[in-house]
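Build out the structure end to end from the sequences listed, making use of the hints.
Numbering (the working numbering), first residue to last: 1 to 207.
To be clear, the hints were calculated from the coordinates, so they are not data collected in a lab. Idealized CB from N, CA, C, for every residue including glycine. A few of these clues could be false.
Cβ pair distances, simulated, as ranges [unchecked claim]:
1. Y104 with N142: 23 to 29 Å
2. L117 with Y63: 20 to 26 Å
3. T140 with N169: 19 to 25 Å
4. K71 with V103: 24 to 30 Å
5. E30 with Y186: 37 to 43 Å
6. D144 with I200: 31 to 37 Å
7. R31 with S150: 37 to 43 Å
8. K179 with N142: 23 to 29 Å
9. D146 with T66: 28 to 34 Å
10. G87 with K207: 43 to 49 Å
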Amino acid sequence: MKIKYTLLLCYLFSSISIHAGVPNFELLKERVTKNEESTDDLYNLAMIYRYDQKSKDLGLAKYYMTIAADKDHPDALYELGMMFVLGGKVYKTDENGVSNTTVYWDKDIEQGEYLLLEAASKSNVKALVYLGYEYILGYTLNQDIDLGISCLRKAAELGDQTAQLYLGNAYRYGNKVPKDISKAIYYMEMAAKQGSDEAILSLKNMK
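So, in structure tokens, the structure goes:
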């Protein structure tokens, strides 16, 4: 299970995205300085500060992400929620091999969960998938299997293949839900339409 959970985090972070049509970094900063920015600009600037190695500044990332989240930007709510869930520690080793830790912010699971639920209520798929797995597995958040399944169902209906495959297998084998082959086929067909080889093979074996 821990391996699957690690793979989930890898999936979520591999799907990190800055919104399309983003102006360059300097133009974003100029817009913000002149108070001419949109919520997308704030989100994109925060993402650059968080993930771009040349411009990385976690303090500014959290600052701008918080402003965007306060304006109900769904992706900003998700990213800020994950910031609180994971914490803001940076480990570095200098040229002499001495390690040091900079803490930009502490973990706050309760605040992170609140923000992720807000993002999920606005149909943010990554928030729905993370909450779905978390509520089912109970590693970081309190276990609530029914709520977890509900989150994954919504993510599946919004087109997330990971959620579709999980639910397809869950209903096929009766894992966390009552076994139901018709529902298993329903979710596997969703994933198969998106080209999932796993779903295509599962459907052949179920029909």
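Problem set entry | Numbers of the earlier hints that this structure fails to satisfy, in rising order | Violated hint: only 5; rest satisfied.
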